[in-house]
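Visitor: Now that you have both chains on their own, put them together as the hints suggest.
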Amino acid sequence: MTNPSDYSSPRADPPAGSNEGYWRKNLTYLGILLSIWFAVSYGAGILFVEQLNNFYLPGTGFPLGFWFAQQGSIYVFVALIFVYVFLMNRLDREFGFDEDAE
Amino acid sequence: MSVQAWTFLLVGLSFALYIGIAVWSRAHSTSEFYVAGTGVSPLANGMATAADWMSAASFISMAGIISFAGYDGSVYLMGWTGGYVLLALLLAPYLRRFGAYTVPDFVGDRYYSQTARIVAVVCAIFVSFTYVAGQMRGVGIVFSRFLGVDIQNGVFIGMAIVFFYAVLGGMKGITYTQVAQYCVLIFAYLVPAIFLSLLITGNVIPQLGFGGVDQTSGTVLLDQLNGLHRDLGFAAYTSGTKSTIDVFFITAALMVGTAGLPHVIIRFYTVPRVRDARISVGFALVFIALLYTAAPAVAVFARTNLLNTVSEQPYSEMPEWFSTWESTGLISFDDRNSDGIIQYVGPEAQDVSGAPIENELTIDRDIIVLANPEISGLPNWVIGLVAAGGLAAALSTAAGLLLVVSSAVSHDLLKRSFMPDITERGELIAARVSAGLAVGVAGYLGINPPGFVAEVVAFAFGLAAASFFPAIIMGIFSKRMNREGAVLGMITGITFTAAYIVYFKFIDPSANTAEYWWFGVSPEGIGTVGMILNFLVATSVSYFTPPPPPHIPDLVERVRVPKGAGEAHEISA
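Residue numbers (the working numbering), protein chains in the order written: chain A, 1454 to 1555; chain B, 122 to 694.
One chain only, chain B, in its complex shape (with noise of 0.2 angstroms):
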């Protein structure tokens, strides 16, 4: 069978499952659509959050951006994985604890001011949008790319199936389709990398194949990566060219950002108890470090691969796939030298008269994932795979991102804010409204991208660092954290970090070298920053502003200890 009859076979089965689960998940109370009910098993929850975060980028982007920059591609690994440390043991038990639906709910109740509640409201919609945007995208590239669909319609068609189950089945009917995405998705992408890593180091399990040896020439393949890296005038492997004080800063505010993400926070209100949503935390992070840890085995198998296929080869005899990839555009050739033959260095590479040469091949990192099965002549089918994995890892994040925008609508705006008067039934019907208006602007968005959607979704977690994340843990952990403390911490953390990535991102974008930031630290890293101004702020000002009143410490004190919590917020449908 061709790739193409493989593809549709697979996206097609993929899809009919999806929209089976979403029928006979359907929600039928506000309980069941904001939080399924918190009736989800731990174990399900945790293929749910894996499926819910992991997204496009994830599963398309990371390990190409790990394989070409190397070293410095770990704080992705580490930060998008460290965050759920803080998850299981600084929030997800008490938020559950506390049983609310929506993460703004906490802000405003704890925090006793609609003010807060409406500034979280603010954020949490706008790191959704930014987020989802460029979800919808993944989805239309990945039917434009592999089943010759145009990105408009492939967003259309992405769109239909959100729809479907999300405006269904609401939390409830997201849930259970994520679970079976988590298991299409892990399946496509371990499959590639333990063929890659059988053909390269004989190992079947990539974890340990890449700090193995070589079997073609026999040494070891992370030295030989580096010492390839080092002739061509790459930084070494294993090493990377960012600043240590850097690496650092973005680790944290990725960290920080991924326990400070709505969409991920929301998870672990779907689980019956308080020691439900710390174990299936536990889970999550298993079934994530699946992907993680073989991600970056892809990274250096892809590497190595590419450099001995294309470093100093003529370019009349690359293989069928670079010329169909070319075709594409994510690879592309221009000859400086007339030499017909491929010239791929890094900045510092000089022939033996020590003239600096120039690189000739440009390469677009998301082929590492997508062309990989290509690159090393695995079947057709796993092409496929790949395909429907992309797919459901796309459609998993967005869908979860499209029930925080529809429940800060309908809840937190409507129910808690404006219209408190609203039935359940009335208040179903807003979040379903909402929910499909949500799909609409997304798939909007997917299909006009603006131009920054790609840069803002990296900065959302920093943003979600310097706001979300303190205002929790002040919530939990001080019982002297008063309203006036949070809010003006929450308005510096976000204000501050904004600002900074605002100017050195759209206002000044040649000022964006280490030279001109503040002690070294980077857009991506300056969430770190604004987190710790917010901490500041929040302390200084509660310190000389009134106490909260007396119902506050008193709902510290219970949100502590977890029993009871199952009752918390239980609605009769």
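So that you can see chain A by itself, here it is in the shape it has in the complex (with noise of 0.2 angstroms):
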């Protein structure tokens, strides 16, 4: 390491061109994601958890709102995170960006 500016820029540029239409569709799964993360925890966990207080859920003694809070919420998180993976590994394989493919 002599220059510092030898890992501050990645090196091994992609086509450029490609990357616009890559980005855009990772945007898009980001809304969509992000959307449910919101839905989950602020939503059910939080704004209308009195109102799905009301409900059990099915087949438990847990209070629905309480359930998001606590369990339900954490679930979703953790499916989240596994759904982007496999979203993006797919594509950057479609763009070319697999970093196995040398």
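A hint or two may mislead.
Derived CB-CB ranges, DEER-like [what the hints assert, rightly or not]:
| # | chain 1 | residue 1 | chain 2 | residue 2 | range |
| --- | --- | --- | --- | --- | --- |
| 1 | B | Phe665 | A | Glu1503 | 43 to 49 angstroms |
| 2 | B | Tyr637 | A | Ile1489 | 46 to 52 angstroms |
| 3 | A | Phe1501 | B | Asn274 | 31 to 37 angstroms |
| 4 | B | Ile550 | A | Ile1489 | 46 to 52 angstroms |
| 5 | A | Gln1504 | B | His672 | 51 to 57 angstroms |
| 6 | B | Asn569 | A | Pro1511 | 40 to 46 angstroms |
Which bits of chain A does chain B cover? Going by a derived footprint, with three or more residues having C-beta under 8 angstroms, they are [claimed, not checked]:
| # | region |
| --- | --- |
| 7 | 1472 to 1485 |
| 8 | 1496 to 1506 |
| 9 | 1526 to 1539 |
The set of hints was computed from the structure by calculation and includes no laboratory data.
Every residue, glycine too, gets a C-beta built ideally from N, C-alpha and C.
Guide: Put into structure tokens, the structure is as follows:
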């Protein structure tokens, strides 16, 4: 490491132009997944928790809103990350950004 | 075997394991010291992140806080897990692609500014030190309660262990020790949780059990607990007392703060590729969720157990654990009406004539996890296991934080700011020396904790949310964001947040009620407002100031796509 800029700028530029489609797709995924992220935590777990607490999670003794706040939202968070990983790995291959293919 | 013997055995074995790993994984280069040579597998990194993240607060205090706060405790559950979604989707892959060593590295290079770098260094050191002092304190407390060692010696032992593997191994040593520590702590957490769930609900999975039926009474556990709470004058367990807007803002501050904490972000620099960074956040959250979904179950079991054991029972008939913990001061009974019976009631409690009933029992929330095995009559080895788990949680977090401090000094301040000509060897020595000094300072703070440590740790999230998070997000998602905007945004965000906290916590604590809060947002949640201010200031300032130099949009363009991350900062040792 002699020159700091050596690692401040990633090398091996992918061809320009193809980036834009990739980035737009990525932003779409982000929009959808973050909406779900917001809906389960801030929506079901906080803003509408009292209304949802009038129902039970089917087959259990959990008030629904309380369950979202202390259990459900966490499970959904985990799922969201793995869905994003799947979508992005597919997108990487589609646009030739797959890090395995040299 | 006695509790003490089991504790010595299990703690001793776990420490021997950590030291063994430290010797095996010594760091030979700065790359190994800062980012473990970027050779960590995503699964191992996920475990290490989970241990790094889950501190003494998560292990010892969280279930207790939830147990006493009920629904209001959800802010911690959602806040400290939801941040990982932001990390995986908005930060980790791009920062890995950028391929630096530290968070200030990114801020300084993206905003082509030493000022931005120094501001980021100061934030990183401040956040990390406040946090680490709490961990060292946790180590001391576990030692003193379970092993009869005094707090000071407990902290010394903890310091010696951390010193050994952090200074020798750097990130490499820390990573593999954290993997081991995760295994210890999750086992120690789940064993009592499963025992309790079986005992109370007959369900082997605590996460399902606490939504089930109490085996002795035959009613739904949560309904029964709500009923108990109503009778005793507490707010309903599943509803809580905080206002919706406050819950919203606190959750947001914790989530965004989690995503902006340097010791968490830095973990995703250690994996080989961008795709590894993404999936390793996923693994991390799975490992964290194992504990975080069990915590609310433990909270409900413990609350039910506690109320059934103490409420309206004669003081003279309390079980043995009651007097054990009374002697540590964590439980205290004050028989106000001298009837010899424990009235443990909430603020709304009234007797049949409508006169208020006085509460006579004070319980420290830490007792929920620490004393749970005793309260439920679990075997001695489980109690020893809880001690080893608490130490693993505290030590792993302390080590991760110390590394942030040491790399901020040796890399950001020396190498990148004041001594750019320092050799690889010199930088590695500087990193080790600053790690050693940081251990010393942390130990000092652990032995002589400033009165405000516990408070400040909670606020570290608000400060991280108001400073780092917006700067990094805008650095990736906007090509137009410039130096002026980012620096002023960070300064505005952190100053506003710190001022609000300092005012309500230290200058005028008597005004710290919903009545005086702006928009009903408590100091715990104000980081969210600070973050919004940061975004607003940065955007408007950048609109009126010159755009960044041409190499910056190119850099952002490259950061957004994954290919080529692997060679970003490989250094030959």
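Visitor: Decide, hint by hint, whether the structure agrees.
Guide: Structure-based check of each hint:
no. : hint                                        : in the structure
1   : Phe665/B with Glu1503/A: 43 to 49 angstroms : holds (45 angstroms)
2   : Tyr637/B with Ile1489/A: 46 to 52 angstroms : violated (36 angstroms)
3   : Phe1501/A with Asn274/B: 31 to 37 angstroms : violated (51 angstroms)
4   : Ile550/B with Ile1489/A: 46 to 52 angstroms : holds (49 angstroms)
5   : Gln1504/A with His672/B: 51 to 57 angstroms : holds (52 angstroms)
6   : Asn569/B with Pro1511/A: 40 to 46 angstroms : violated (54 angstroms)
7   : 1472 to 1485                                : holds (count 5)
8   : 1496 to 1506                                : holds (count 6)
9   : 1526 to 1539                                : holds (count 10)
Violation of the numbered hints given earlier is confined to hints 2, 3 and 6; the remaining hints are satisfied by the structure.
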